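**Q** One letter stands for each residue in the lines below.
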Amino acid sequence: MKDSTILKSMSHFIYPFVILYGFYITIGGDLTSGGGFQGGAIIATGLLLMTFFSDVKFNLTKLNKIEKLLFLFIITVSVISLFTKGHAFTNPFSENKRIFLITLNLALGFKVAVGLVNIFESFLEEGDPF
Amino acid sequence: MRRLVSVVLVVFFAFLMMSRFLESGFFVNELSSNYYIFNSYTEVGSKNIVTGIYLDYRLLDSIFEAGILLVSVAGVIFMSKKDENVKR
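First to last, the sequence lines map onto chains H and P.
For the first sequence, the numbering used here begins at 1 and goes up steadily by one.
For the second sequence, the numbering used here begins at 1001 and goes up steadily by one.
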């Protein structure tokens, strides 16, 4: 990868704010525009900025395992309503409905972020073609 | 020649779709959209109607959307590995 001082210092400065903004979009998905998919993409951008200024490496097999577990977690959380309301794939609570929405939004956001980081990391691991 | 044929085909299909759209007289069925606008906050508890739809009314579809991402990530990782590194 080519070295650039401006890119390194600016990405070092800006990456925590990007990750924070991604969490804001993910958690506030049921109040304002946004949601799990969009916020997850922003969190992934913040994590990828880390690879520009440091030698941080994400383990591919571990990331894959985390993504599978999050997918199973989403399915189990959405099936809970089968026992409380009688039919699956809906909100299990009758009051405090935001808990369910925030949980699913966070799980979806993490899953999308891990997936995008995984794709980028596999390209990095492949190496420089030049 | 192939480029000309493809351009003619694209124009033909665009004309077909536009004619179907103009025939309908810009009539849009507002039954379901009105239902979501008036009932989604009381039924789902989400102020953002889009979130209400994809996390409650269409949760099964969202699960498969996340599954598609999982499968595509696995495919990209498989394709991007060098041939001598793939375990058989």
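By construction, these hints were calculated from the structure, which means they are not laboratory data.
Incorrect hints may have been included.
What the hints assert, rightly or not - DMTMM-like, lysine to aspartate or glutamate: derived pairs with alpha carbons at most 25 Å apart:
#1 H:97 <-> P:1043
#2 P:1047 <-> H:95
#3 P:1047 <-> P:1030
#4 H:85 <-> P:1023
#5 H:65 <-> H:125
#6 H:65 <-> P:1065
#7 P:1081 <-> H:126
#8 H:62 <-> P:1030
#9 H:57 <-> H:95
#10 P:1082 <-> H:125
#11 H:8 <-> H:95
#12 H:2 <-> H:126
#13 H:97 <-> P:1065
#14 H:97 <-> P:1023
#15 P:1047 <-> H:125
#16 P:1081 <-> P:1061
#17 P:1081 <-> H:55
#18 H:68 <-> P:1043
#19 H:68 <-> P:1061
#20 H:85 <-> P:1030
#21 H:65 <-> H:3
#22 H:2 <-> H:95
#23 P:1081 <-> H:95
#24 P:1082 <-> H:95
#25 H:65 <-> P:1030
Please read all numbers here as calculations on a predicted model, not as lab measurements.
**Q** Sort out whether residue 3 of chain H lies within 25 Å of residue 65 of chain H, counting only the CA atoms.
**A** Roughly 32 Å separates the two Cα atoms, so the pair is violated.
**Q** Is residue 8 of chain H within 25 Å of residue 95 of chain H, Cα to Cα?
**A** 47 Å, violated
**Q** For a C-alpha distance cap of 25 Å, please report whether residue 97 of chain H and residue 1065 of chain P respect it.
**A** The hint holds at about 23 Å.
**Q** Would the hint linking residue 1047 of chain P and residue 125 of chain H be met if the CA-CA limit is 25 Å?
**A** 42 Å, violated
**Q** Just to be careful, I want the Cα atoms of residue 85 of chain H and residue 1030 of chain P compared with a cutoff of 25 Å; is the pair within it?
**A** Not OK: residue 85 of chain H and residue 1030 of chain P at ~29 Å, beyond 25 Å, violated.
**Q** Does residue 1030 of chain P lie within 25 Å of residue 65 of chain H when you go C-alpha to C-alpha?
**A** Since the Cα atoms of residue 65 of chain H and residue 1030 of chain P sit roughly 43 Å apart, the hinted pair is violated (cutoff 25 Å).
**Q** For the pair supplied as a hint, residue 1047 of chain P and residue 1030 of chain P, is the alpha-carbon distance within the 25 Å limit?
**A** 20 Å, holds
**Q** Hey, residue 1081 of chain P versus residue 1061 of chain P, does the alpha-carbon distance stay inside 25 Å?
**A** 31 Å, violated
**Q** CA of residue 62 of chain H to CA of residue 1030 of chain P, is that 25 Å or under?
**A** This hinted pair is violated, its Cα atoms lying about 47 Å apart.
**Q** Please verify whether residue 68 of chain H and residue 1061 of chain P have alpha carbons no more than 25 Å apart.
**A** 18 Å, holds
**Q** Check whether the Cα positions of residue 97 of chain H and residue 1023 of chain P lie no farther apart than 25 Å.
**A** 43 Å, violated
**Q** If you draw a straight line from the CA of residue 1082 of chain P to the CA of residue 95 of chain H, is it 25 Å or shorter?
**A** 52 Å, violated
Hint check: violations occur at hints 4, 8, 9, 11, 14, 15, 16, 18, 20, 21, 22, 23, 24, 25; the rest are consistent with the structure.
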